[in-house]
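Colleague: One letter stands for each residue in the lines below.
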Amino acid sequence: MTWALLAAALCGLGLYGTLAAAVPLRRLLGFNLLGAGVFLCFGVVAARAGDPVPRALVITGLVVAFAATTLAVALLRRLAATRD
Amino acid sequence: MILDALLALAILALAAWTVWTRDAFAAGIGFVATGLLLALAWVRLGSVDVALTEAAIGAGIGGVLLVNAATHLGTTAEEAPPSPRQNRLIALLCAGFAVAVGTALLTLPDPAPNLVHEAAAALPATGLGNPVTAVLMVWRGLDTLLEAIVVLLAVLGLWALAPEGATRPAPPPREEGPLPLLARVLPPIGVVIALHIVWAGADGPGGKFQGGAILAAMWVLAWMAGLVRAPEVMDRRLAWALVAGPLVFLGVGVAGLVLAGEFLALPAGWAKPVILLIEAPLTLSIAAGLALLLLGPPERAP
Amino acid sequence: MAEALTAAAVLALLTVLAGLVRVVRGPTRADRIMAAQLLGTGGIAVLLLLAAAGGDMALLDLALVLAVLAAFAAAAFVQAARR
Amino acid sequence: MTAVFTGVCVAAGLLFLAAGTAGLLRFPDAATRLHALTKADGLGLGLIVLGLLPQMPGVAAALKLLAIWGLVLLAGATIGPLLARHATEREP
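Chains as they are written, first to last, in my numbering: chain A, 117 to 200; chain B, 208 to 509; chain C, 2 to 84; chain D, 28 to 119.
Note that these hints are calculated values from the structure, not bench results. One thing to keep in mind: the hints can contain errors.
List of simulated lysine to any residue pairs, SDA-like, C-alpha gap at most 20 Å [what the hints assert, rightly or not]:
no. : chain 1 : residue 1 : chain 2 : residue 2
1   : D       : LYS66     : C       : ALA19
2   : D       : LYS66     : D       : PHE54
3   : D       : LYS66     : B       : PRO385
4   : D       : LYS66     : C       : LEU18
5   : D       : LYS66     : D       : ALA89
6   : D       : LYS66     : D       : MET83
7   : D       : LYS66     : D       : THR29
Bound-form chain A, shown alone (with noise of 0.2 Å):
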């Protein structure tokens, strides 16, 4: 109950974060913040049943936002290195 309700708070804080932010970092940020929430309805749903499915699921899901995030970075530094 507890972490349903987090879970679905941290879903619409980061989806807020990403689409109304104006900094470029601060989108990556809310982004990586709904990727959280996400997990941790995974987190939920693998708790009531004890199923490992998930739980593998989020492990490979959060290495693939720490790959995603450090291309995302690299990019807006090339971006801010082409304006200069």
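Once you have looked at the hints, place chains B, C and D on chain A.
Modeller: Chains B, C and D alone, transformed into the frame defined by chain A:
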């Protein structure tokens, strides 16, 4: 129960502040703190292995990446912020989204839909005696392989963003005093802990990613202190370290196709040594990939 | 014993959550880094207390990972803050 | 007997943790706050570790506990001077 409520409230408050604050560095630190608390939340959700991943990759190297990015990028707005009216609309939309997600989670059928039976039912078809090994190799195996390949692809993507003539990431600013000392003392301990985590992961999913992240962090620490140089992009040993894991994994998968008639299937009795054979190079590849991702793209030599 | 240790974990969490005010208020980058560091230590304390209360020794591994990465993260933050 | 020992040590540890947090919140500038943090931080966790040692099921777990404390001390000892230098360089 009080613990859960406290944790959830703190995570929500911190996340909200991270979204709203104007200072990019502060937001980065806020994100790290949120990640730390999220790791505790995963413990309370009964999943220590996800908590380990969140601590090592989400808050650990991911947090360091974002804080670094904050100091490089700052808070220059790329475009006009949404008007108050648009802002209200976005907020309304996001609130609706949150309510929808919450309703969906709270009205799940009991028991929640799950794959426990499917996983168990699929086991006999794999031709493996040990069900744990079967889950690891068949249900998680393809996952793990693709995960390692995603890290590899991200490294290639990062390199593609490098300017012409760039051969290696720029060296860090020179440091004296406590940092080189830390960079000498910590990595040996870190390597032992990383190997312990990989080894312990044999009984649960995904030990090599958390262990690999620690190895990557230790190497980046030595690099920060100026004790090691970043490798040249064209370095052959680096290339082999990056692809060794996926290659061995693919090789074993194809061997399973030939010998046992199914991709990644293992002949009974050989599972344990073969898994060790896969895990060692995979840990190396993941560690190398994560470290390179943390360093960022190569920059033009001065 | 288990209840007392869980209560101690709650107290430890409460303590370091109070320290989060410094993450939010700053004012300097050093303050925010310190507060994050304290949160790490407090988180480790919570994990150790929960491990002893519930007998789940896997939590010690998690605490170990947090401890090893705490030093790395703080060093990286200081270096980032210097630029 | 061990329960009393654990209780006393953990309670003292919590007290130091709280003192460190109070220092972090109430001291006037970054340098003094750092002072409060690193001392109470290491001592607080140290006492909790000491108190929990007899509750551990085996030698390996006890050693892990000590290693965790050592690592936190190491982090505090290095970060302290680094941050202090940073604070004096940038914010005199």
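Colleague: Indicate, hint by hint, whether the structure satisfies it.
Modeller: Here is what the structure says about each hint:
| no. | hint | in the structure |
| --- | --- | --- |
| 1 | LYS66(D) - ALA19(C) | holds (18 Å) |
| 2 | LYS66(D) - PHE54(D) | holds (14 Å) |
| 3 | LYS66(D) - PRO385(B) | holds (17 Å) |
| 4 | LYS66(D) - LEU18(C) | holds (19 Å) |
| 5 | LYS66(D) - ALA89(D) | violated (23 Å) |
| 6 | LYS66(D) - MET83(D) | violated (26 Å) |
| 7 | LYS66(D) - THR29(D) | violated (26 Å) |
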